[in-house]
Structures are given as C-alpha cells and as structure tokens.
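Visitor: So the sequence lines, in the order shown, correspond to chains A and B. Under the working numbering, the letters of the first sequence match residues 1 to 283, in that order. Under the working numbering, the letters of the second sequence match residues 1 to 256, in that order.
Hints are not guaranteed to be accurate.
[Said to hold, decoys possible] Result set (SDA-like, lysine to any residue): computed pairs, CA atoms no more than 25 Å apart in a straight line:
1) A:K277 <-> B:E91
2) A:K183 <-> B:N147
3) A:K276 <-> B:M168
4) B:K101 <-> B:G64
5) B:K101 <-> A:F198
6) A:K124 <-> B:Q11
7) A:K277 <-> A:S266
8) A:K276 <-> B:K101
9) A:K124 <-> B:T12
10) B:K240 <-> B:R222
11) B:K101 <-> A:I184
12) A:K183 <-> A:T194
13) A:K200 <-> B:P73
14) A:K277 <-> A:L263
15) B:K238 <-> B:S131
16) A:K183 <-> B:R104
17) B:K181 <-> B:E167
18) A:K72 <-> A:L87
19) A:K183 <-> B:V103
20) A:K276 <-> B:E31
21) A:K183 <-> B:M168
22) B:K67 <-> B:E31
23) B:K67 <-> A:T194
24) B:K125 <-> A:D180
25) B:K101 <-> B:P71
26) B:K240 <-> B:G40
27) B:K240 <-> B:N147
28) B:K238 <-> B:T12
29) B:K67 <-> A:I184
30) A:K277 <-> B:W87
31) A:K277 <-> B:F122
Keep in mind the hints are simulated off the structure, nothing from the lab.
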Amino acid sequence: MERTAGDQIPEFNRKQAASAGVGISGMTSALALGGHRTKLEVLVIILVAVFIIGGTEFLLTIFKVPQYVLPKPSQIVMALFTEWKFLWPHLLITLYELFVGFAIGGSIGFIMAAVITQFPFVEKVVTPYILLLVTTPMLALVPLLILRFGFGSEPRIIAVALASGPMVMINSATGFRRVDLAKIALARSFGASTLQIFTKIRIPMAMPMIIVGLMVGSIFGLLTTIGAEMVGGAEGLGNRLTYYSALIRMPQFFAIILILAILGISIYVFFFWLGKKWASWEA
Amino acid sequence: MIVDRATKYYQTTTGSVHALDNVSLEVHEGEFLCILGPSGCGKTTLLWSMGGLHELSGGEIRLGPEKITKPHPEIAMIFQDANLLPWRNLEANINLPFELKRVRPDRQRIGQLLDRVGLTGFENKFPRELSGGMQQRASIVRSLSVNPSVLLMDEPFGALDAFTRDEMNLLIQEIWMETRKTIAFVTHSITEAIFLADRVVVMSARPGRITSIYDVDIPRPRSVEIQTRPDFIERVLKIKSRIEHGRGPAAGLAIT
Chain A
1 MERTAGDQIP EFNRKQAASA GVGISGMTSA LALGGHRTKL EVLVIILVAV
51 FIIGGTEFLL TIFKVPQYVL PKPSQIVMAL FTEWKFLWPH LLITLYELFV
101 GFAIGGSIGF IMAAVITQFP FVEKVVTPYI LLLVTTPMLA LVPLLILRFG
151 FGSEPRIIAV ALASGPMVMI NSATGFRRVD LAKIALARSF GASTLQIFTK
201 IRIPMAMPMI IVGLMVGSIF GLLTTIGAEM VGGAEGLGNR LTYYSALIRM
251 PQFFAIILIL AILGISIYVF FFWLGKKWAS WEA
Chain B
1 MIVDRATKYY QTTTGSVHAL DNVSLEVHEG EFLCILGPSG CGKTTLLWSM
51 GGLHELSGGE IRLGPEKITK PHPEIAMIFQ DANLLPWRNL EANINLPFEL
101 KRVRPDRQRI GQLLDRVGLT GFENKFPREL SGGMQQRASI VRSLSVNPSV
151 LLMDEPFGAL DAFTRDEMNL LIQEIWMETR KTIAFVTHSI TEAIFLADRV
201 VVMSARPGRI TSIYDVDIPR PRSVEIQTRP DFIERVLKIK SRIEHGRGPA
251 AGLAIT
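Just need the whole structure built from these sequences, with the hints factored in.
Guide: Next comes the structure, spelled out in structure tokens:
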C-alpha cells in the first residue's frame with residue numbers, strides 16, 4: 001500500500017524517508033545511517049557489495065596473493081563453515097560477557113543519569129569525572145583487572161561495564177536535561193505525582209537520547225569485550241583472533257572478523273529498530 | 001474563585017522580580033473572564049497560581065472554601081501551543097488525565113467532546129500530523145474530558161493564524177455557552193478579550209497589578225463580524241489607551 005503510493009509519487013516518498021531517518025538520530029548524525037531506502041538504492045548497495053567481493057576474489061586470484069597475506073572471500077566463507085563448530089562456544093562467551101557487562105553498566109548509567117540530572121549542583125560536580133570515564137579507554141585497565149580477578153570472564157565484564165556505562169549515562173543525561181517545563185506543568189495540573197512525571201513525561205522525552213546512549217554504549221562494549229579477550233585468557237572471539245593470527249591461519253582470522261562485523265551491525269539494527277518504535281515522534 | 005492580595009516574587013540570578021503585586025480578583029461562577037495585559041505583566045503567573053502550579057509569596061487563592069496551593073481536580077488548564085505530548089497519539093493524549101488519576105477513561109464523554117470539536121476519526125493521529133488549530137482542539141477535549149468546573153486558559157490561541165483564531169474563539173464561546181464553565185482566559189489581544197469576555201481585567205507590568213476592569217455587555221452569541229462594529233472598536237481603543245497610558249514613555253524605557 002505504502003510502497004505503491006511511493007512508486008507513484010517519488011518526491012513524497014523521499015520526503016517521508018528523510019523525516020523517518022531523522023527519527024531517532026536527529027541528535028547524532030553519525031548514527032543516521034539507516035532510514036528508508038528506495039528499491040534503486042538497495043539495488044546499488046547490493047551491486048557495490050558484489051563488485052567489491054567479486055573484485056577482491058578476482059584480483060587475489062590473478063595476482064596469486066598467498067593465503068597468509070590476504071585470503072580470498074570464498075576461503076573466508078569456507079573457513080567460517082568448517083570452523084564454526086570450534087568458533088560458536090567462543091561466540092557464546094563473547095556474547096555473554098558483552099551482555100552481562102552492558103546490562104550492568106547500562107543500568108547503572110541510566111539510573112545515575114536519571115538521578116543526577118535532578119540535582120544541577122551534583123551534575124556539575126560529577127560531569128567532569130564521567131567525561132574522564134568516557135574518554136579514557138577502559139581497555140587500559142584490563143591487565144590490572146586480570147591481576148585482581150584472574151583470566152575468567154569477570155575482568156572483561158567489569159571492563160565492558162566501565163566502558164558502556166558512562167556512554168549510556170552521558171547521553172541519557174543529555175536527554176533528561178531537555179526538560180520541557182510546560183509538559184511537566186501539564187502533568188502536574190492533572191495531579192501527577194513526582195513518579196508519574198518521571199515515567200510519563202521525563203522518560204519518554206529523554207527516550208531518543210537514551211536509545212542513542214544504549215547504541216553507542218553497546219558498540220563500545222563490543223569493542224572492549226574483544227579487546228579485553230585479546231589481552232589475556234583463553235576464551236572468546238578476541239582470544240581466537242590472536243590465536244589464529246599467531247598460527248597465520250588467515251581465513252579463520254577473517255571469518256571471526258566477519259562474525260564481529262555481523263554482530264556490530266545487528267546491535268546497530270536492533271537499536272535503530274527500537275528507536276523507530278519508541279522515539280520516532282521526534283522530528 | 002477568589003484571588004486575595006496575591007503577591008509573587010521570583011528569585012533570579014540578577015535579583016528578585018516582582019511579578020504580582022497585591023492582585024485581588026473575584027472570578028464569578030459561570031463567568032467568562034479575560035485577563036489582558038502586555039507581555040511580562042504577570043498574567044501567566046497569576047493564572048498558573050490560580051491553577052496551583054505556582055506558589056505565592058503572599059496572599060491566597062481560594063476555590064469556594066478551599067485554599068489553592070496545589071493543582072485541584074476541579075480546575076483544568078489549557079496551555080499555549082496546545083502542549084500535547086508528541087510521543088502519544090491523540091487518543092493517548094486525551095487519556096493522559098485519566099491515566100494520571102488511575103481511573104478508566106470516560107469513553108462516552110470523550111467521544112462526545114471529540115465529535116463536538118470535529119476531531120472524530122483523528123484518534124490515531126500524532127500531534128505532528130495535526131494542524132495547530134486541531135492540536136488546540138484536542139487539548140480542549142483533554143481538559144474538558146475530566147469535567148472540571150473551572151477552566152484556566154493561558155494564551156491558548158496566541159500561536160494560531162488569524163482565521164484559525166477566529167474559528168477557535170467561536171468554538172470556545174459555543175462550548176462556554178453550552179457548559180457554563182467558569183473560564184479565566186489570559187490573552188494579549190484586546191480584540192480577543194472583548195470578543196470572548198463578560199469582564200476584561202487589564203493588568204500592567206512591573207510589578208504586575210490590575211489597573212482596570214471592564215464589563216462587556218455585548219449580547220451572545222457574538223459573531224466574528226461584531227469585531228468591525230464601531231462600538232466594538234471604541235471599546236478596543238478605550239482599553240488600548242488605558243494600557244498605553246499605564247506604560248508611558250518612561251515606563252517603556254525602564255523595560256530593558
């Protein structure tokens with residue numbers, strides 16, 4: 001229905017697409033990669049992918065580039081299938097660390113943002129320290145954390161929480177700071193309690209920025225998970241990367257990169273979808 | 001509703017602002033009262049205090065025997081620019097007061113009101129999909145749905161174009177004649193005030209106080225055309241000269 005209308009009036013469709021794209025990402029244009037695309041645009045994107053993959057395969061074949069320098073795309077996909085039975089337990093561990101770390105860091109970040117923005121003085125005092133946490137790569141702490149917590153998942157979970165929490169917090173705080181006094185007055189005029197103002201006005205109003213925070217936080221979390229696994233321990237996809245590169249098994253190495261790319265894109269798509277669902281009101 | 005020697009100071013970083021100075025006023029039951037004044041004269045402060053949204057520095061406001069210090073269920077407010085929540089569709093916006101009071105929305109009443117203002121069929125639209133006039137109609141439905149006895153309106157049609165504004169003024173007049181709610185209506189348009197009101201209260205700025213009160217005895221229903229009649233224009237000019245006299249060149253300079 002919508003599609004046929006769009007086919008007849010492309011301008012109209014384009015305009016809608018633009019506003020939908022702004023939806024969740026109006027605040028961070030760097031994240032505004034999504035949005036509606038026309039059939040032609042999708043076709044071109046696929047063609048470019050085919051061209052790049054096919055071209056790489058072709059060039060690597062005719063120039064006889066050895067596998068240990070750069071494996072062919074076909075070899076990478078083959079490796080993904082043949083090694084999958086060895087790789088998936090590591091994938092699960094990576095996902096577990098990412099999920100638990102992000103859940104801990106994200107919820108602490110969200111709660112702190114909600115509380116701190118209620119007290120301007122506290123916010124002003126705390127913000128520089130949060131900024132410090134945001135800008136310092138938490139990966140740097142991993143060797144120290146390993147000394148204290150050993151080679152298991154714990155140090156990585158802590159690092160992920162430390163990396164994602166401040167991201168979630170700083171973005172959510174920006175959202176909570178955008179108070180619209182008229183909307184709060186409206187709720188109060190109908191007898192809203194402080195809690196109701198929080199759940200029915202403040203949170204929905206901050207939602208676009210909260211989702212951006214969750215998106216950026218989880219991507220940072222993924223980076224930190226992989227990085228932390230490369231530093232020490234014997235499990236996780238990050239650890240496999242160092243393992244395969246040490247053995248110069250490049251197809252397997254790139255197969256993991258492929259998995260990580262898919263993981264990152266899935267996280268992005270998930271939060272983009274969430275933004276569409278919960279924060280598409282913001283034009 | 002009685003406003004008794006209401007005084008209000010705001011504390012700002014540059015010192016304290018005297019927003020209301022000993023304002024005393026009685027809003028009769030079933031009356032349409034307009035509060036008129038230039039920007040910064042404290043009319044919005046007065047209205048928000050009457051709605052229990054502002055605390056007074058001195059004096060008090062009563063609804064019958066009750067002192068108003070916080071929002072009262074019998075008093076509903078209508079704000080500038082409709083003030084709908086952009087993340088809720090029209091139906092959810094209108095259900096908000098019921099949600100906050102944790103009661104089931106009065107479907108029948110809401111349906112009748114939507115029909116009355118011509119919004120039936122728009123329940124699933126979001127505010128951004130509606131015109132300014134439609135948004136303000138929706139906010140009127142939202143406020144009337146809880147059946148308050150007093151309606152406080154804060155420059156509700158200030159942002160609308162002239163045609164829509166006339167249309168909304170007619171609508172609010174009709175609604176008032178049908179329901180006989182007590183309405184206090186803040187505006188900075190002299191024409192709008194005279195068109196709508198039984199009484200026009202004129203306020204002056206710094207500090208905000210009442211300078212004069214005019215009775216408007218034009219019979220109802222009033223049509224938009226009466227705004228061009230000589231006696232209507234005479235009323236406008238009278239109030240206008242009163243406001244300008246109150247400001248004067250010196251007062252104008254003092255406002256910087």
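Visitor: Evaluate each hint against the coordinates.
Guide: We went through each hint and held it up to the structure:
1. In summary, the hint linking A:K277 to B:E91 is supported, as the alpha carbons are separated by about 18 Å, within the 25 Å threshold.
2. Distance check on the hinted pair: A:K183 and B:N147 sit about 21 Å apart at the alpha-carbon level, within 25 Å; holds.
3. Between A:K276 and B:M168 the alpha-carbon distance is near 34 Å, which puts this suggested pair outside the 25 Å criterion.
4. Between B:K101 and B:G64 the alpha-carbon distance is near 23 Å, which keeps this suggested pair within the 25 Å criterion.
5. Distance hint between B:K101 and A:F198 is fulfilled; the C-alpha atoms sit about 15 Å from each other, no more than 25 Å.
6. For the hint linking A:K124 to B:Q11, the alpha-carbon distance of about 21 Å falls within 25 Å, and the restraint holds.
7. Only pairs whose Cα atoms come within 25 Å are accepted, and A:K277 paired with A:S266 is accepted, the gap being roughly 16 Å.
8. Straight-line distance between C-alpha atoms of A:K276 and B:K101 comes to about 29 Å, which puts the hinted pair past the 25 Å bound.
9. For the suggested pair A:K124 and B:T12, the alpha carbons sit about 19 Å apart, so the restraint of at most 25 Å is met.
10. A hinted pair counts as satisfied when its Cα atoms are at most 25 Å apart, and B:K240 with B:R222 qualifies at roughly 21 Å.
11. About 15 Å separates the Cα atoms of B:K101 and A:I184, which keeps this hinted pair within 25 Å; it holds.
12. A threshold of 25 Å between alpha carbons decides the hint, and for A:K183 with A:T194 the separation of about 13 Å falls inside it, so the pair holds.
13. With a CA separation close to 19 Å, the supplied pair A:K200 and B:P73 stays within the 25 Å bound.
14. Restraint check for A:K277 and A:L263: the C-alpha separation of about 21 Å stays at or below 25 Å, so the hint holds.
15. Under the criterion of a C-alpha separation no larger than 25 Å, the hint pairing B:K238 with B:S131 is inconsistent with the structure, at around 35 Å.
16. The hinted pair formed by A:K183 and B:R104 meets the criterion: a straight-line CA distance of about 22 Å does not exceed 25 Å.
17. Of the supplied pair hints, the one linking B:K181 and B:E167 holds, its CA atoms being roughly 20 Å apart against a limit of 25 Å.
18. Taken as a hint, the A:K72 and A:L87 pair is honoured in the structure, with Cα atoms around 20 Å apart against an allowance of 25 Å.
19. This hinted pair checks out: A:K183 and B:V103 have alpha carbons roughly 21 Å apart, not beyond 25 Å.
20. Using a Cα cut-off of 25 Å, the hinted pair A:K276 and B:E31 is violated, with the two alpha carbons roughly 46 Å apart.
21. Restraint check for A:K183 and B:M168: satisfied, since their Cα atoms lie roughly 22 Å apart, inside the 25 Å limit.
22. Under the criterion of a C-alpha separation no larger than 25 Å, the hint pairing B:K67 with B:E31 is consistent with the structure, at around 20 Å.
23. Simply put, B:K67 and A:T194 have alpha-carbon atoms about 22 Å apart, close enough for the 25 Å limit, and the pair holds.
24. Taking the CA atoms of B:K125 and A:D180, the gap is about 22 Å. The hint holds against a cut of 25 Å.
25. For the hint linking B:K101 to B:P71, the alpha-carbon distance of about 12 Å falls within 25 Å, and the restraint holds.
26. The straight-line distance between the Cα atoms of B:K240 and B:G40 is roughly 17 Å, inside the 25 Å bound, and the hint therefore holds.
27. Under the criterion of a C-alpha separation no larger than 25 Å, the hint pairing B:K240 with B:N147 is inconsistent with the structure, at around 35 Å.
28. For the given pair, B:K238 sits about 35 Å from B:T12 by alpha-carbon distance, which is inconsistent with the 25 Å threshold.
29. Of the pairs offered as hints, the one joining B:K67 and A:I184 holds, with about 22 Å between alpha carbons and a cut-off of 25 Å not exceeded.
30. Distance restraint check for A:K277 and B:W87: the Cα-Cα separation of roughly 10 Å lies within the 25 Å cut-off, and the hinted pair is therefore satisfied.
31. Note on A:K277 and B:F122: the hinted pairing holds, with a Cα-Cα distance of about 20 Å set against a maximum of 25 Å.
Going through the hint list in order, the structure does not satisfy hints 3, 8, 15, 20, 27 and 28.
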